[in-house]
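Asker: Each chain, letter by letter, is given below.
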Amino acid sequence: MDRQATMEQGLTQTAFAPALSPAARRRQLREKAIAGIITLMAFTGIAALILIIVFVAKEALALFTDPAARHEASLSKMFLAQDVPAGRPAFRWQPVSKIPKVSMIPLFVGTLKTTVVSMMVAVPLGVFGALFAAEFAPRRLRELLKPVIELLAGIPSVVLGFFALMVMSTVVKDVFHFDRPLNAMVAGLGLALAIVPVIFTVSEDALTAVPRSYREASLALGATPWETAWKVVLPAAAPGILAACVLGFGRAIGETMIVLMASGNADVISWSLGDSARSLSATIAAEMGEVVVGSPHYSLLFFIGVQLFIFTFVLNLLASTWTKRVMRRLTGGAA
Amino acid sequence: MEARELTLRYGTKAAIQKVSLAILDRRVTALIGPSGCGKSTFLRSLNRMNDLIPGTNHTGTILLDDTDIHDRSVDVVDLRRRVGMVFQKSNPFPKSIFENVAYGLRVGGMKDKAALAQRVEKSLRGAALWDEVKDRLHDSALGLSGGQQQRLCIARALAVEPQVLLMDEPASALDPIATAKIEELIHELKSTYTIAIVTHNMQQAARVSDRTAFFYMGELVECGPTEQIFTNPREKRTEDYVTGKFG
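Top to bottom, those sequences are chains U and Z. The first sequence begins at 1 in the numbering used here and counts up one residue at a time. The second sequence begins at 1 in the numbering used here and counts up one residue at a time.
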């Protein structure tokens with residue numbers, strides 16, 4: 001047989017012979033099926049998320065399309081001072097009074113107050129607690145500390161809210177000599193209880209992930225354990241710790257039950273932590289049950305939801321941009 | 001620097017047994033031996049890095065300028081400033097080149113900017129890295145090549161001006177050209193520093209060291225001038241190892 005004939009025979013054979021053994025075929029099919037199922041699950045999750053956003057946005061949109069709603073709750077009524085008789089506050093949230101007052105400003109102030117208080121308390125506690133656990137605690141203590149604090153994360157927020165309402169409020173009132181037992185301070189401290197575990201856990205993971213070689217290098221240069229933790233380990237874990245804080249912030253701004261129970265829920269504009277505060281999320285929770293579906297008030301509550309979403313989204317965006325920039329500076333684009 | 005009858009255990013398992021070895025001033029001492037023979041453990045005990053591993057304990061003494069480094073009067077932080085260390089895997093901090101070198105000085109309390117800059121330059125020159133990095137001192141150290149990173153780690157160790165420099169297989173992760181640079185550097189450094197270097201590479205030990213100590217199974221088998229160890233060892237085990245019969 002000459003060469004050409006061999007080649008042709010080879011060609012015809014490959015063309016007609018089965019390309020794969022049955023076992024290989026089955027294997028490939030199985031791989032495809034598994035990949036398909038996993039993809040489907042991933043997209044189901046994403047789709048659910050998108051549908052939630054679409055639904056909330058759609059319900060809020062009526063505020064801008066429906067003439068009655070536009071009259072009752074225009075953007076200027078939500079965000080600007082209103083003409084009121086002298087001595088009355090220009091910003092009020094009273095959406096079901098005879099003349100509905102729908103200013104968002106008291107809600108912003110209330111949310112800001114409770115969130116800031118909780119972050120001021122929870123960030124140092126969480127981060128330094130994590131630093132202690134990761135760098136200084138004896139191994140046994142650390143193995144105890146982490147699960148216990150993670151357990152704290154599992155306490156339902158209604159329980160924390162109850163604790164804030166019944167226990168912390170009187171203590172805080174006595175300590176700071178506040179007029180009211182339910183105020184922004186109590187709500188913020190209650191929130192801190194909820195977000196310390198979040199910040200602690202995520203920070204601790206970030207700190208433990210810092211390579212041991214950094215610590216050894218630092219100690220070998222004559223740094224003390226504290227200098228090593230503060231100047232080497234903490235900066236190296238900074239992106240992870242920021243992520244922990246953002247996560248905590250997201251929880252704090254969205255957390256409803258604790259604020260609803262402990263803040264007093266008055267729509268006052270006051271920077272005093274001793275005054276009551278009404279937050280965005282607690283407002284939704286308190287009013288959604290009684291609102292007339294489709295009314296301007298109903299759309300308004302969804303609009304609050306959209307705003308909460310925007311706040312967390314923007315903050316996440318800022319954090320991730322910052323993290324990327326820091327990472328680039330730290331690694332010189334090498335990693 | 002000198003170890004006398006040093007035994008070090010991880011829990012109850014002895015990693016090194018009754019090792020007595022002098023690291024002579026301004027000489028390069030190479031520690032060789034097969035994996036797990038205790039040479040790295042010995043090196044790490046010289047600046048008490050083994051303290052970091054829970055469950056280690058020791059007997060015997062290590063003297064630095066006639067003081068026991070485990071003596072109550074010796075602060076481990078001071079000790080490590082006097083006995084610097086370069087690790088097997090280059091481990092620059094995720095900071096700029098400048099900050100890496102300045103780190104030891106800053107934690108040592110040096111604040112004056114001009115003095116810092118001067119010492120950083122001196123150290124980088126000492127580690128033969130200055131010309132390569134002088135225009136990018138404030139870029140991240142992690143952007144350097146592997147060999148440059150290791151020389152940066154040497155510069156960082158030199159910046160605090162230790163008496164003794166410990167090197168744990170400093171070139172094992174590097175290519176031949178980078179290795180040659182490190183070896184050249186060790187040659188230059190020995191006029192000012194006392195150096196102990198752990199190496200797996202017999203040729204490297206022969207090239208860079210004045211004295212060689214052969215460890216085997218946690219014991220110091222033999223120590224002497226490098227030439228003698230490689231050409232005329234007293235012990236059969238040393239001869240077998242340096243001629244490549246095992247290892």
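These are calculated hints, taken from the structure and not from any lab test. Incorrect hints may appear among the rest.
[As the list claims (entries may be wrong)] Label-pair distances were calculated between CB atoms; the ranges are:
hint, chain 1, residue 1, chain 2, residue 2, range
1, Z, ASP240, U, LYS324, 54 to 60 Å
2, Z, GLN203, U, TRP230, 55 to 61 Å
3, Z, GLU184, U, ARG325, 23 to 29 Å
4, U, ILE34, Z, ASN57, 36 to 42 Å
5, Z, GLY55, U, LEU144, 17 to 23 Å
6, Z, THR12, U, LEU141, 20 to 26 Å
7, U, LEU151, Z, VAL77, 36 to 42 Å
8, U, LEU144, Z, GLN203, 46 to 52 Å
9, Z, ASN57, U, PRO156, 43 to 49 Å
10, Z, THR12, U, LEU151, 34 to 40 Å
11, U, ARG27, Z, GLY55, 45 to 51 Å
12, U, PHE176, Z, ALA115, 44 to 50 Å
13, U, THR224, Z, GLU184, 32 to 38 Å
We treat Cβ as the ideally placed atom computed from N, Cα and C, and that holds for glycine.
Asker: If a hint holds in the structure, say so; if it does not, say that too.
Answerer: Now the hints, each set against the structure:
1. Z/ASP240 with U/LYS324: 54 to 60 Å: The hinted range 54 to 60 Å holds for Z/ASP240 and U/LYS324, with Cβ atoms some 55 Å apart.
2. Z/GLN203 with U/TRP230: 55 to 61 Å: At 43 Å between Cβs, range violated.
3. Z/GLU184 with U/ARG325: 23 to 29 Å: Once the Cβ atoms are compared, 38 Å apart, the range 23 to 29 Å for U/ARG325 and Z/GLU184 is violated.
4. U/ILE34 with Z/ASN57: 36 to 42 Å: Once the Cβ atoms are compared, 52 Å apart, the range 36 to 42 Å for Z/ASN57 and U/ILE34 is violated.
5. Z/GLY55 with U/LEU144: 17 to 23 Å: holds (19 Å)
6. Z/THR12 with U/LEU141: 20 to 26 Å: Distance hint for Z/THR12, U/LEU141 holds at roughly 25 Å.
7. U/LEU151 with Z/VAL77: 36 to 42 Å: holds (37 Å)
8. U/LEU144 with Z/GLN203: 46 to 52 Å: holds (51 Å)
9. Z/ASN57 with U/PRO156: 43 to 49 Å: holds (48 Å)
10. Z/THR12 with U/LEU151: 34 to 40 Å: Holds, since Z/THR12 and U/LEU151 (Cβ atoms, about 36 Å apart) stay within the stated range.
11. U/ARG27 with Z/GLY55: 45 to 51 Å: For Z/GLY55 against U/ARG27, whose Cβ atoms are near 47 Å apart, the range 45 to 51 Å holds.
12. U/PHE176 with Z/ALA115: 44 to 50 Å: Distance hint for U/PHE176, Z/ALA115 holds at roughly 49 Å.
13. U/THR224 with Z/GLU184: 32 to 38 Å: holds (34 Å)
This entry does not satisfy hints 2, 3, 4, going by the numbered hints stated previously.
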